[in-house]
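K.L.:
Here the protein sequences come in this chain order: X and R. When we follow the UniProt record's numbering, the leftmost residue of the first sequence carries the number 1, and every step to the right adds one. When we follow the UniProt record's numbering, the leftmost residue of the second sequence carries the number 1, and every step to the right adds one.
Among these hints, one or two may not hold up.
No distinction is drawn between identical chains; accordingly, a pair holds when it is met within one copy or between any pair of copies.
Quick list of in silico lysine-lysine cross-link-like pairs, BS3-like style, CA-CA up to 27 Å [what the hints assert, rightly or not]:
#1 103 with 46
#2 489 with 133
#3 529 with 144
#4 178 with 149
#5 236 with 286
#6 356 with 268
#7 528 with 489
#8 447 with 412
#9 529 with 489
No lab work stands behind these hints, which were simulated from the structure alone.
Protein chains: 2
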Amino acid sequence: FASTFSGSNLPNGLPKSRGVSNSGESSKESSRCSTPVLDTDRLQDKMKRRIESGDHWFSLEFFPPRTASGAVNLISRFDRMGSGGPLFIDVTWHPAGDPGSDKETSSMIIASTAVNYCGLESVLHLTCCNQTKEKITAHLNKAKRLGLKNIMALRGDPIGEDWVEEDGGFNYATDLVKHIRCEFDDYFDICVAGYPTGHPEAESYEDDLRHLKEKVDSGAHFIVTQLFFRAETFLKFVKDCRAVGITCPILPGIFPIQGYHSLRQLVKLSKLEVPEEITQVIEPIKDNDAAIRSYGIQQAVEMCKVLLASGEVPGLHFYTLNREVATMEVLRQLGLWAEDPRRPLPWAVSAHPKRKVEDVRPIFWASRPKSYIYRTQDWDDFPNGRWGNSSSPAFGELTDYYLFYLKSKSPKEALLQMWGEELMNEESVYEVFTNYITAQTNRNGHKVMCLPWNDDPLAPETNLLKDELEKVNRRGVLTINSQPNINGKPSSDPIVGWGPAGGYVFQKAYLEFFTSSENVTALLQVLKKYEPRVNYHIVNVQGRNTTNAHDMQPNAVTWGIFPGREIIQPTVVDPVSFMYWKDEAFALWIEQWAKLYEDESPSRMIIQYIHDNYFLVNLVDNDFPLDSCLWQVIEDMFALLDSPRETQEGSQS
Amino acid sequence: FASTFSGSNLPNGLPKSRGVSNSGESSKESSRCSTPVLDTDRLQDKMKRRIESGDHWFSLEFFPPRTASGAVNLISRFDRMGSGGPLFIDVTWHPAGDPGSDKETSSMIIASTAVNYCGLESVLHLTCCNQTKEKITAHLNKAKRLGLKNIMALRGDPIGEDWVEEDGGFNYATDLVKHIRCEFDDYFDICVAGYPTGHPEAESYEDDLRHLKEKVDSGAHFIVTQLFFRAETFLKFVKDCRAVGITCPILPGIFPIQGYHSLRQLVKLSKLEVPEEITQVIEPIKDNDAAIRSYGIQQAVEMCKVLLASGEVPGLHFYTLNREVATMEVLRQLGLWAEDPRRPLPWAVSAHPKRKVEDVRPIFWASRPKSYIYRTQDWDDFPNGRWGNSSSPAFGELTDYYLFYLKSKSPKEALLQMWGEELMNEESVYEVFTNYITAQTNRNGHKVMCLPWNDDPLAPETNLLKDELEKVNRRGVLTINSQPNINGKPSSDPIVGWGPAGGYVFQKAYLEFFTSSENVTALLQVLKKYEPRVNYHIVNVQGRNTTNAHDMQPNAVTWGIFPGREIIQPTVVDPVSFMYWKDEAFALWIEQWAKLYEDESPSRMIIQYIHDNYFLVNLVDNDFPLDSCLWQVIEDMFALLDSPRETQEGSQS
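Let the sequences and hints guide you as you build the complete structure.
P.N.:
What follows is the structure, given as structure tokens:
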């Protein structure tokens with residue numbers, strides 16, 4: 001009995017490159033407690049994987065805003081530009097602007113918001129010139145505490161005319177890189193700046209390359225370059241870098257020209273010369289902003305095409321100047337903008353290292369994810385796989401409620417136009433909800449674009465339920481959250497899909513609304529007929545919870561089945577969290593709506609009455625393979641209310 | 001705006017009895033980290049709930065066997081009788097039989113096996129007469145360590161004729177009850193014995209009732225009575241117990257008469273009198289065993305009906321004498337036997353307190369659950385919700401492999417008849433597998449009822465795949481585990497259903513087999529066409545694992561969706577566990593099959609060759625909503641093997 005082949009001499013056709021491990025033992029640690037879908041890689045690892053696969057990426061640079069409303073706008077921009085799929089964004093650091101403070105406009109807070117609330121991999125710039133080591137270490141500690149994992153290490157511009165090197169101080173970015181490595185080991189991924197035409201203060205181009213090599217050797221992971229105007233400038237620079245032994249990724253800084261003055265200013269600051277062929281085009285059209293923007297886009301696209309075709313450029317770094325249009329257009333033309341981004345989960349995953357394993361959340365905050373992140377920011381660990389594994393389930397208080405990014409993006413005047421300068425009665429409120437659902441103009445000609453519980457227009461998924469929602473809102477079932485049932489759609493479905501390819505996603509129908517106590521009385525009668533198919537939780541502002549949910553267990557209402565994975569259940573109706581959510585949901589009536597009106601005004605008293613007397617109801621239809629019965633439940637409730645009084649009493653006995 | 005009603009004055013129709021909590025806060029602890037389906041109640045709580053719901057139960061008493069093969073039989077009986085749904089079983093204690101030892105026949109080990117391996121709530125008897133406190137405490141500590149939670153506290157029969165009370169010793173069961181409470185607080189649920197006609201040694205019936213009251217007051221949770229022959233005897237006893245203030249459950253001990261001699265013997269031991277109306281029936285038929293058994297069943301059924309109808313009896317306790325037929329028949333006629341027991345999970349849940357939260361296992365041990373429990377008995381905690389939460393994933397070694405309950409139930413002669421006195425070649429082995437699948441007799445006229453990997457005939461679920469399995473086994477794809485795909489069948493489905501009512505269960509198709517290296521070479525070619533639909537792990541006895549499974553993550557292959565619950569995924573294909581399983585799966589070739597034959601015999605060398613050269617393969621079809629493609633994969637493999645050599649080589653390049 002001769003052996004055909006031995007264990008070490010495997011048959012032909014065995015895949016050699018991946019998936020082959022010599023024993024189960026070795027990979028044991030890595031397969032335990034890991035999260036099935038989410039990406040926990042470091043930025044440098046993500047780059048490595050993208051370079052290996054030949055998959056080009058882009059990144060976006062922003063500067064911190066000057067005002068609080070500028071911050072609100074920038075964060076909305078993060079959400080919009082984040083959806084295009086940047087590998088990372090970075091936030092610049094301006095020593096004069098108190099960049100490390102807790103102000104809502106500081107570099108530190110903006111970068112932290114991008115990571116925590118917008119789920120963006122973010123790089124925080126840091127300059128070291130004229131800074132003490134203690135100060136720098138304090139900044140880095142704070143960045144680490146806030147969940148930042150990447151630093152762009154810069155020297156920064158010396159303050160004052162005659163800067164001299166300081167012994168033992170931070171004279172060069174290299175000193176900062178060394179300091180970060182020394183104090184924080186390899187906690188941070190580090191980026192450094194490259195100058196394709198040499199640093200303006202360097203003795204020579206060659207001397208500058210030597211400095212860059214030093215910076216990288218001190219522990220930087222990749223290079224982003226200063227802007228330039230010709231592809232060949234960058235490609236020569238990469239060649240020279242490789243020649244002196246720099247092997248890390250070098251990302252070209254792309255500056256789409258967006259206006260005559262911004263170009264002049266930037267060129268002056270960076271001490272660059274605009275090439276002849278560009279000034280020749282621009283000077284004649286310098287007063288035609290649209291023409292210049294259009295040229296800028298075309299020029300950037302062409303340069304980027306050359307860069308990408310060279311094989312030397314794994315990704316493009318864009319100087320956005322905090323604007324959207326030009327950069328997005330360039331990326332669209334290059335085919336790098338993700339038009340239909342795949343969602344790893346149904347909600348946007350936070351990029352905070354501690355939260356990267358998070359893969360289940362209560363459904364209640366679906367339209368207020370930033371509020372959820374804010375209220376759970378002090379949790380020690382996050383539910384991973386099953387709700388309730390978290391050891392610190394307490395939700396943050398609503399005391400810091402007025403934190404800027406929880407406020408509505410719309411000014412008071414716009415809100416009054418949408419929600420009514422003057423409310424006549426409860427029905428006026430029903431009308432606001434109905435107009436929000438239908439996206440029709442109200443009697444004053446304004447569209448209702450948001451509600452206190454939904455800062456954005458109806459999601460495409462909710463739109464599927466529009467007709468039914470309109471009908472019930474018109475009659476005072478004031479819906480604030482809902483999802484249709486889904487019985488196994490492909491994970492690639494453009495509306496309800498999420499998670500890895502080749503999977504199937506499922507949902508139970510969900511409906512959440514405010515309604516009057518009269519309605520609740522009838523509803524509870526009706527719900528008896530729907531046992532155990534429908535689970536409900538009904539609570540008023542005082543907090544008494546009426547439910548038929550067994551043992552107060554969470555009910556999974558969204559889940560997905562994927563090749564080679566455990567089940568993922570990213571959304572649950574959790575009875576415990578519902579009690580925290582109802583405080584927020586009821587408070588929004590007062591804080592965002594009632595307070596628009598004068599004290600004691602009838603409008604304010606109407607909202608106050610609803611707040612004090614209505615119930616918050618949530619309903620789950622557990623029979624996900626069948627058509628949702630929740631609309632029938634509401635119809636039955638109205639039928640009971642419409643029936644003669646005796647019938648109602650009869651059915652109660 | 002007057003409030004319609006205040007928070008404390010809820011609308012009519014609110015359910016008052018359950019599900020109403022005054023705030024989310026209070027129930028927070030209980031809803032965290034709990035397991036969604038499994039029952040973690042104590043025996044006394046289970047009784048309370050059944051009494052409240054009016055749901056009658058039964059329990060079964062066994063005595064420890066005298067021989068190792070008796071133990072194997074008794075454990076099989078536990079499995080069979082456990083399927084009828086007893087609330088608990090109990091195991092008697094015989095001081096002369098070394099009941100606390102580690103022998104496979106000891107009361108301690110039998111009760112522990114019932115709990116750990118058969119998943120039965122179990123009560124261990126313990127007698128205290130002539131025992132030191134240290135000895136008793138040692139027994140209790142051992143019971144606790146083995147996962148036992150319930151003790152039947154008895155005095156036991158004094159050894160020797162003239163027993164006298166000992167100062168400070170254990171003279172009565174009351175002393176034992178007190179001792180258990182004192183040393184173990186409320187860790188154990190305690191049962192005590194009641195004597196419907198008074199204890200034979202008691203001064204009077206009244207005196208005995210007083211003793212019983214004392215036993216209960218010392219900390220017992222329920223009473224099981226001595227056997228009796230008339231319902232009114234028990235009902236009077238219950239009335240008298242209630243009159244003296246005994247409030248705990250009192251369970252009647254039912255003894256179905258199973259034979260003339262066993263009745264005589266029992267009556268003698270218990271010093272009971274058989275009533276006239278029974279002796280009159282029995283004496284004339286005392287040599288007709290069948291007639292006596294039949295009478296015994298009828299007599300027990302009638303008495304039990306009276307007891308249950310009285311409203312005083314929440315459950316019946318059966319003295320089985322380690323026999324099945326009579327007790328099962330009585331329970332069937334009473335409608336108490338669970339004909340179609342609902343499975344909380346697809347596999348039998350262990351009753352060990354530590355394991356009660358366990359709700360996910362690797363699929364590999366599906367036919368060897370006792371081996372899995374044995375090899376994971378030292379785990380500190382068990383996966384709950386997601387595989388890999390376990391902090392101690394190492395599997396126990398196979399050194400104690402020959403532990404009696406891991407051995408085949410069949411004697412060597414029977415195995416040789418089934419698996420062949422003499423094997424001619426590898427094809428002889430294929431034939432054994434094929435005959436096992438088809439349940440047909442082999443060429444010597446014997447049915448193959450088991451294989452080393454499956455100690456029982458094909459499961460009903462596997463039977464669904466019978467035709468396909470037969471076809472592939474005939475050609476040397478030697479299947480040892482499989483399941484069909486299921487796309488959302490009701491949880492009440494008699495074959496594949498499990499879990500709470502109103503849910504839906506799902507499965508991915510799974511196939512596991514041994515096959516030759518030639519087949520594996522072709523299979524790996526074929527599998528390229530099935531990427532990423534099919535996940536595979538292929539390993540030989542040396543342990544090199546060839547797989548296309550991402551990151552060695554577990555693949556959930558059985559899951560269920562239930563009303564008001566999180567998703568439950570009780571079975572996974574875990575790559576890490578597979579490496580432990582393959583050691584066991586390969587070892588079974590040698591330990592259970594090859595060793596049936598003489599050293600150096602051709603039969604033994606054939607099995608040894610297969611062990612040394614075959615591969616163990618598992619395949620998962622991730623596309624559970626479609627028909628399984630795994631049979632097509634195997635067909636494609638055979639087609640490739642059957643094709644001319646050039647084609648094979650061509651397709652490899």
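K.L.:
Work down the list of hints and note, for each, if the structure agrees.
P.N.:
Verification of the supplied hints:
Taking the closest pair of Cα atoms, residue 103 and residue 46 never come within 27 Å of each other, the shortest separation being 31 Å inside a single copy and 58 Å across copies. With identical chains, the CA atoms of residue 489 and residue 133 are never at most 27 Å apart, being 55 Å at best within one copy and 65 Å at best between copies. Taking identical chains as interchangeable, the C-alpha atoms of residue 529 and residue 144 are never at most 27 Å apart, the minima being 54 Å within one chain and 46 Å between chains. For a Cα distance limit of 27 Å, the shortest separation of residue 178 from residue 149 inside one copy, 16 Å, qualifies, whereas the shortest one across copies, 61 Å, does not.
Taking the shortest Cα distances, residue 236 and residue 286 never come within 27 Å of each other, neither inside one copy (31 Å) nor across copies (110 Å). Taking the shortest Cα distances, residue 356 and residue 268 never come within 27 Å of each other, neither inside one copy (41 Å) nor across copies (72 Å). Taking CA atoms no more than 27 Å apart as the test, residue 528 paired with residue 489 passes between copies only; the shortest distance there is 25 Å, against 31 Å inside one copy. Proximity of residue 447 to residue 412 under the C-alpha cut-off of 27 Å is restricted to the intra-copy arrangement: shortest distance 15 Å within a copy versus 84 Å between copies.
For the identical chains of this complex, residue 529 and residue 489 are inter-copy neighbours only, at 24 Å across copies versus 30 Å inside a copy, given an alpha-carbon limit of 27 Å.
Consistency note: the structure conflicts with the earlier hints numbered 1, 2, 3, 5, 6.
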